[in-house]
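K.L.:
Turn these sequences into a full structure, and let the hints guide you.
Number of protein chains: 2
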Amino acid sequence: MSNWTLCQHEGIDHLEKSYTFKKYSKSLCFLNAVAGLAESYVHHPRMVIEWGKVTVAWGTHESDEGSGVLVRDRHLAEETDKLFELLQAKQI
Amino acid sequence: MSNWTLCQHEGIDHLEKSYTFKKYSKSLCFLNAVAGLAESYVHHPRMVIEWGKVTVAWGTHESDEGSGVLVRDRHLAEETDKLFELLQAKQI
Chain A
1 MSNWTLCQHE GIDHLEKSYT FKKYSKSLCF LNAVAGLAES YVHHPRMVIE WGKVTVAWGT
61 HESDEGSGVL VRDRHLAEET DKLFELLQAK QI
Chain B
93 MSNWTLCQHE GIDHLEKSYT FKKYSKSLCF LNAVAGLAES YVHHPRMVIE WGKVTVAWGT
153 HESDEGSGVL VRDRHLAEET DKLFELLQAK QI
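Heads up: the sequence lines are chains A and B, in that order. Note that the first sequence ends on residue 92 in the working numbering; no numbers are left out. Note that the second sequence ends on residue 184 in the working numbering; no numbers are left out.
Since the hints were derived computationally from the structure, they do not count as laboratory data. It should be emphasised that the depicted structure is a prediction, and the values quoted were computed from it without experimental measurement. Be careful, since some hints might not be right.
Unchecked claim - Looking from chain B toward chain A, a few residues come up when the C-beta cut is under 10 Å (computed):
1. Lys109
2. Thr112
3. Tyr116
4. Leu123
5. Asn124
6. Ala127
7. Ala130
8. Glu131
9. Met139
10. Val140
11. Gly144
12. His153
13. Gly158
Claimed, not checked - Sample of chain A residues with no beta-carbon within 10 Å of chain B, all distances over it, derived:
14. Leu37
15. His44
16. Pro45
17. Ser67
18. Leu70
19. His75
20. Ala77
21. Glu78
22. Leu83
Beta carbons: idealized from backbone N, C-alpha and C, even for Gly.
P.N.:
Spelled out as structure tokens, the structure:
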């Protein structure tokens with residue numbers, strides 16, 4: 001797990017990483033793929049899409065297990081990296 | 093044009109507005125629709141998607157016409173409102 005940094009959103013710790021893209025269509029595909037991952041886990045990241053990049057932040061606001069960066073958030077950060085590599089390999 | 097506020101991203105003025113959704117799938121549909129609008133104008137907003145809401149910010153970084161909130165940004169903010177109403181009406 002590389003290049004994920006710790007940051008705060010609404011006072012809650014998140015793991016955050018930006019992914020860069022040459023084409024907007026490619027960044028949109030990536031965002032949608034991560035959204036699919038999020039739906040399957042019923043746990044949704046904060047994502048920012050702008051020209052050339054998508055920034056993904058995983059954190060838990062409130063749960064029985066606490067808040068901040070939990071095991072599930074670290075796992076989903078790793079899964080997000082895998083999705084990025086998978087989509088890059090496909091040359092979408 | 094209501095509820096758009098002036099804010100700054102990377103030192104550039106933007107018009108920004110948040111739209112709320114009960115379902116994540118609906119917020120994702122809206123983001124994709126705005127992305128389609130952006131592609132058709134070859135001008136891309138900053139969008140944040142998180143649980144329950146999408147925040148759209150229109151601004152121009154650098155162009156022959158200047159930077160900040162230009163006529164095109166105001167127009168696209170209006171078009172974004174229309175898209176939201178259109179999708180709400182369709183009960184997606």
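K.L.:
Does each hint fit the structure? Answer for all of them.
P.N.:
Results for each hint:
1. Lys109: 15 Å, violated
2. Thr112: 14 Å, violated
3. Tyr116: 6 Å, holds
4. Leu123: 8 Å, holds
5. Asn124: 7 Å, holds
6. Ala127: Given a least distance of 5 Å, the restraint on Ala127 of chain B holds.
7. Ala130: 7 Å, holds
8. Glu131: Holds, about 7 Å.
9. Met139: 5 Å, holds
10. Val140: 5 Å, holds
11. Gly144: 9 Å, holds
12. His153: Where the cut-off is 10 Å and the nearest Cβ of chain A is about 8 Å from His153 of chain B, the hint holds.
13. Gly158: Not OK, violated: Gly158 of chain B not within 10 Å of chain A, min 17 Å.
14. Leu37: With a cut-off of 10 Å, Leu37 of chain A remains clear of chain B, as the shortest Cβ separation is near 12 Å.
15. His44: 5 Å, violated
16. Pro45: Contrary to the label, Pro45 of chain A does not stay out of reach of chain B, its closest Cβ about 8 Å off (not over 10 Å).
17. Ser67: Answer for Ser67 of chain A: holds, closest chain B Cβ roughly 14 Å.
18. Leu70: Holds, since 16 Å exceeds 10 Å.
19. His75: 18 Å, holds
20. Ala77: 16 Å, holds
21. Glu78: 20 Å, holds
22. Leu83: 16 Å, holds
The structure fails hints 1, 2, 13, 15, 16 (numbered hints given earlier, in ascending order).
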